[in-house]
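Chemist: Spelled out, the chains give:
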Amino acid sequence: MSATTSTSTSATVQKWKPPKLVLGNPSFHDVTDQISGIVERRDTPIWWWVALGISVSMAGAFFIQMAWLFWTGVGIWGNNVPVGWGWPIVNFVFWVGIGHAGTLISAVLFLLRQKWRTSINRFAEAMTIFAVICAGIFPGIHVGRIWVAYWMFPIPNQMAMWPNFRSALMWDVFAVGTYFTASLLFWYTGLVPDWATLRDRAKGWPKKIYGFLALGWRSGNSQWKHYEAAYLLLAGIATPLVLSVHSVVSTDFATSMVFGWHTTIFPPYFVAGAIFSGFGMVMTLGILARLVYPPVKNYITVKTLELMAKVIMLTGMMVGYAYSMEMFIAWYSGNGYEQFVFLNRAFGPYAWAYWIMVSCNVIIPQLFWFKKLRTSIPVLFVASIFVNIGMWFERFVIVLTLHRDFLPSSWDMFKPTAFDIGFLVGSFGLFFTLFLLFLRFVPMVAMAEVKGVMPEADPHHESYHHATEKEA
Amino acid sequence: MKFDSTTYTFTDKGNAGKIGLIVGMIGLAVSLVGLFVDAGQFYFSWLVAFAFWISIGLGGLFMTMVHHLTSAVWSVAVRRIGEAVMNALPWMTLLAIPLLFGLDKLFIWTDTDHVAADAILSMKVGYLNVPFFIVRTVIYFAVWALLAFLLKRNSLAQDKEWTEERARKFVVISGPGMIAFALTATFFCFDWIMSLQPLWYSTIYGLWFFAGGITTVMAFYAIVVLRLRSNNVLSETITVEHQHDIGKLLFAFLVFWGYMHLSQYLLIWYANLPEETAFYKDRWGAGWTTMSWILMIGGFVMPFILLMGRSAKRSDASLMTFAVWMFVVHWVDLYWNIMPVFHTETVVLSWMDLTTLVGMGGIFVWLFWMKFTNHPAVPITDPKLDASIKMVN
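These protein sequence lines are chains A and B, in that order. Quick note, the first sequence lines up with residues 0 to 471 if you use numbering that gives the first Met the number 0. Quick note, the second sequence lines up with residues 0 to 392 if you use numbering that gives the first Met the number 0.
Source of the hints: derived by calculation from the structure; they are not laboratory data. We put the CB at the ideal spot given by N, CA and C, even for glycine. One thing to keep in mind: the hints can contain errors.
[As the list claims (entries may be wrong)] If you only want the chain A side, here are some residues facing chain B, beta carbon under 10 Å, derived:
id : residue
1  : Trp-15
2  : Thr-43
3  : Tyr-320
[Stated by the list, open to error] Among chain A residues calculated to face chain B with C-beta under 10 Å, some are:
id : residue
4  : Pro-17
5  : Arg-112
6  : Thr-250
7  : Tyr-268
8  : Tyr-331
9  : Gly-347
Build the full structure now, drawing on both the sequences and the hints.
Modeler: Shown next, in the form of structure tokens:
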């Protein structure tokens, strides 16, 4: 085509500016003040005490129920033949999944140079750690005999008893253990400069505590050099964990010979679902944080939430793709058992759960095609709750595949007991207790990182702070 | 080849396209001789080569849409490479025509007696039958052609003048386009590759095909960028920073591809169900064992270790070596997936494997080069172009 000769040249190219990530035009000092202020204020807000009171009560009930569980045994749950795995495994997978968004935001989006992640990565990663703690409790208490819970670990012992290294449950121990360790290190590494900021602003005994936590950080040039290298390396190490942990969790089901569980798409399907649910939770928590700490709105902006909504829509459709592939291949396989499982899921006694799952995970995220909806805070909040409900139900649907097994005479419905519900509610109590403590005592936005993506951080920047006021 | 770096247009397109066309015509002509030598071998070789180049074309379509959906900045400078690959795709799909005459040689489910004798295959007749198969294939190709056409038209319109609506239109096309892409690419793979062994099935198979195509298209990007630079074309526009990013994506998708293979193998090995393990049993024994090892060690382990470092991606010689190697790996991957259906005992390499691959490759290079050089080599009016050129890792 000869049209090219008449086209405009590079001289007419409009100037493109990177989008502004921080609103309200704060200076570096304002950033420090706004974020540190949340931690430093002496008058703890009333809502915080109320929320903590509720959460701690729920968490307390969690531990009391656990004591009862250890005293009486796993019979207090609804787990029975044929559904030998009930809500505890559902809760385990649910919580591990929640954690994945934190790692994706902190590691994968860092490697992809997605700078909008800086405002949410601190609390998303905190969420990861707390979610993994909640998750880790369930396999621990599910063993039935808590006093031999250490058998899960390959510890040399005089009985020469070893866990089965070919068991997916053994892989879980390694995967979740590695995940927790790497996430904690990554989170803490990012926190060091912020602890030092708090230390430098504090007086008296808090200064000692923050000073201890800051590990002698002096913001020196060589310290930053090492910090950046360490951060990049940890991001590189954490990235495969985003894929591996939930892949291993998926093998808990997929390595079995249960139809509806054993299908090759399970690992990537579980990973997509995990990121989906995690982003739902980050969205819920982010919107709540904006509500209770208005200055945070400058950092977790509507744009940030919009981008998260897009990730939710994408991963929701990936999950939808996996549902469709399972359905299609179940038919295509020509395997009657496989076909039965999927028909039973969609039209059997638990069809309501299946359609809750499909509605929440595939249909609701379609709202985000519209900019108006994905920038509306109430819509985002409600949708994020649905995402969490949907993903809990996804695991419920998968586990409840067991209710109609190969032997029709053993078919039975699963009846959750009050303890099943109590453990789920209790785990939320523990999660929110930890999260509230985090909000109160740890800078919830990574101050040093946010400053790094502000225009002033650019060496070519000339007093952007003042110039933009005229522009605006 | 001569290039005007103020307008980003080629004043002399050089010989790359011509050489591609000549090699392509000769390669395909020689391949057609094979039809009379060994028709079965011809169709299978043709299918491997066809799947190989189609997967790369699909990679170009995918990368173009991802670029728009993510509002990426870094890839503005290399956007036209992906677009040219995408524009070659609809023409490449025409190479499926010879295969339509050999469906009975390729797919056992076309044999009605065989199907009637097999209870499970009889159940699949509603899906695995020739008319529906052809209709589906036409739909896949039409969807790809439509997406490529819409994106290309908007891209060229944008060259005349950049407007907000045109920038938005890319996103409006790419959003639903990505859904259409995911489904068509998956079912293309199910139809043309998975149904070669119609009793075997794997839900991850579509993702495996997709992953291999993306890995290889990144290798193609790398080769194009390095070849352009060695001819001193766009060397100030597509910098070593872009090269590094292409290398990173190559590495990332390589790992993703390995992860697909592992997920499939591990789960099938573990459950040990005969209808699933048959796939791996066919690919283990005699020469196929060697090929499996080449795929594992050469396809994943070796490049994973060697390509991880920064300098491996920033050095021209090293990235070029890996890019070419990934082409070899992708071919081995497809050969390993398709050919055991025909050569059930051991690997039998045929001259037709080479001529079909090189022949279609020549046509692909010719199409690509024609599409790439007909228009400015970068989207000249894109406001992000300047930021993309100055991008640093």
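Chemist: In ascending order, which of the hints set out earlier in this document are inconsistent with the structure?
Modeler: Numbers 2 and 9 - these are the hints that the structure violates, sorted from lowest upward.
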